[in-house]
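*Asks:* Sequence:
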Amino acid sequence: MCGFTGYLSTGENNHKIKSDLIIQKMTNSLVHRGPDSEGFWCDSQVEIVLGFRRLAILDISTNGNQPMISKNGKYVITFNGEIYNHLDLRKKIQIEDSGISWISTSDTETLLAGFELWGIEETIKKCKGMFSFAVWCNKSRVLTLGRDRLGEKPLYYGWQGEGEQRVFLFGSEIKSFLKHPGFSKEINRDAISTFLRNSYIPAPHSIYKGIFKLLPGCLLRVSINDQNPIISKYWSASKFINGDKKLIFHSDAEAADKLDHILQKSVKQQMIADVPLGAFLSGGIDSSLIVSMMQSQSLKKIRTFTIGFNQKEFNEANHAKAIASHLQTDHSELYIDSSDLLDVIPNLPSIYDEPFADSSQIPTYLISQFAKQDVTVALSGDGGDELFGGYNRYQITNQYWDRLKYVPVLIRKLLSAGILSLSAKQIKSIYSLLGKNANYSNFADKLYKGANVLPSKDIYSLYKGLTSAYIEPDSIVINGNESNELFESNYQKFKGLDNVSIMMAMDLLTYMPDDILTKVDRAAMGVSLETRVPMLDHKVVEFALSLSNKYKLRNNQTKWLLKQTLYKYVPQKLIERPKSGFAIPIGIWLRTSLRDWADDLLDERTINDQGFLNPYLIRKRWHEHQSGSHNWEHFLWNVLMFQSWFINFHEKN
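Everything in the sequence shown is counted per the numbering used here, starting at 1 for the first residue and increasing by one.
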């Protein structure tokens with residue numbers, strides 16, 4: 001796990017000293033991704049410059065340092081991630097090139113040898129891993145960027161400037177671009193709109209104009225002679241999502257055994273490291289299964305890490321402790337309270353580079369920081385929800401649509417308009433009929449949200465509305481035009497599937513890489529911790545996508561097959577309980593400990609001077625939240641994360 005950055009310039013190779021100074025500044029901004037060493041490379045004829053920061057995991061000697069040049073001198077690479085099957089690839093390379101000699105045991109050297117022998121795309125197709133990379137071909141003068149199949153590792157790119165001053169920037173994080181004098185820093189207003197709805201900015205867009213995220217499973221090629229990036233897919237989840245052939249098993253036990261075998265292999269490969277390794281353990285199904293498989297394959301006790309909350313209603317650490325005790329891991333707990341969480345908030349803009357508002361980013365950062373004290377690599381259970389139907393919202397949305405679709409759209413529109421026109425006083429009258437057990441602000445929030453999605457024309461529109469932090473973001477962003485082309489194009493691909501499969505597919509291609517994996521990567525790399533996700537081995541993913549839904553949702557149980565597999569290792573009584581996540585009480589904090597901080601960021605004059613957001617609507621919702629008449633926590637948190645990013649990151653860099 002590392003970080004890289006670089007640029008390709010259209011101008012003549014002006015002073016090498018200038019290039020050296022620029023790339024050093026760009027690379028130094030990524031020191032958190034790679035504290036162990038740095039490296040630079042510059043072409044003497046074409047201004048292609050590469051910078052690298054290393055977090056040594058495999059072959060921690062200097063032989064694994066980057067940028068690395070292939071033996072024949074054709075390729076130069078900067079590479080972030082791990083190729084888990086690189087030793088198997090070495091054996092195949094040696095069969096075809098018996099004269100090859102190795103100077104390291106690093107997977108980077110394996111990649112370069114593969115590029116020489118098979119070419120870049122064919123080599124990547126053979127790889128199992130998480131990665132992003134930039135490789136320059138000295139012969140063709142072509143730069144190739146690549147990203148892993150599911151989007152575990154980030155990769156940004158884009159042209160900036162005009163004419164001879166034009167420069168193509170690329171790297172692991174946007175913060176490195178801010179150190180290049182050619183970076184324009186022009187904010188993408190459309191991305192703000194998309195962010196306010198989703199709490200993240202979906203690929204391929206970024207917060208800056210002209211800067212994009214490379215989509216998972218893609219390669220990009222660009223050169224001075226052909227400056228239009230050419231993007232191709234070497235792997236597509238859609239192929240397996242839409243596959244006609246579903247796996248058939250003679251029994252449920254056979255299905256569980258098959259998943260057990262595939263996932264065990266993934267876990268085994270991802271436990272390879274030359275540094276201390278452990279795992280996050282929440283006590284939930286996914287992390288418990290990964291830790292179970294790790295411990296079953298290890299002669300030593302696996303290091304496991306759990307975060308606990310001093311507020312009882314948010315604490316799940318006791319469940320994780322019970323799992324750890326059963327598996328006999330070397331378990332560590334970190335108990336935190338609201339002050340620990342609040343201390344992280346000022347650092348969020350610099351950790352995430354872009355506005356990012358999944359509030360579980362805060363405990364994710366704290367558990368990463370805690371684990372880093374003892375290990376350099378941590379495995380996680382991410383991916384199980386999207387692959388095996390773990391979110392309750394899939395079933396809830398499907399049941400809602402089954403009732404809603406039979407009501408004529410005109411009637412639904414009229415009903416929606418009627419509810420949305422209700423005054424606070426009228427809503428209170430309705431609320432009073434429900435008795436004292438109902439929470440007024442939650443009731444009002446759900447009533448309005450339900451009214452907004454009543455006119456939905458299909459399951460996609462309904463799901464989009466129910467999962468939105470705010471349903472009309474363009475009304476908040478001045479001259480904003482929300483971009484939905486990726487969501488729309490994905491939905492068109494999957495329209496023939498059942499409703500639950502559509503929702504899972506949409507999450508796998510958007511929510512997982514741009515929210516879940518982004519959250520974990522930035523939080524962990526912010527403290528120089530490598531995270532690995534065995535569920536996202538592409539063989540596990542292909543297996544999961546080839547299952548019929550009866551193996552995912554059965555008898556009102558989510559993740560059915562994962563549970564059957566887990567019960568081989570852990571008693572059912574330790575697992576069966578309501579699903580919980582890293583929920584934190586943002587709504588309450590905004591009325592108490594975060595009130596002054598938020599009020600400053602939401603200052604009407606400041607927002608008006610910035611010229612991006614509508615201060616009147618924001619202040620209106622702020623006052624409604626403070627009074628308790630509405631629960632606007634998700635909307636307000638998104639606005640606050642944009643404001644905090646703009647003031648504390650964008651304006652200061």
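Everything labelled a hint here was simulated from the structure, so no lab data went into it.
It should be emphasised that the depicted structure is a prediction, and the values quoted were computed from it without experimental measurement.
Keep in mind that the hints are not guaranteed to be accurate.
To be verified - Lysine to any residue pairs mimicking SDA-like chemistry, simulated, CA-CA at most 25 Å apart:
hint, residue 1, residue 2
1, K539, I588
2, K449, K550
3, K301, F370
4, K425, K301
5, K550, Q264
6, K493, K301
7, K372, A273
*Asks:* Now tell me if each hint is right for this structure.
*Replies:* Here is how each hint holds up against the structure:
1. K539 - I588: violated (43 Å)
2. K449 - K550: Violated, because 31 Å separates the two Cα atoms, which is more than 25 Å.
3. K301 - F370: holds (18 Å)
4. K425 - K301: Status violated; Cα separation ~60 Å.
5. K550 - Q264: With a Cα-Cα distance of about 22 Å, the restraint between K550 and Q264 holds, given a limit of 25 Å.
6. K493 - K301: violated (45 Å)
7. K372 - A273: holds (15 Å)
Hint violations for this structure: numbers 1, 2, 4 and 6, all remaining hints satisfied.
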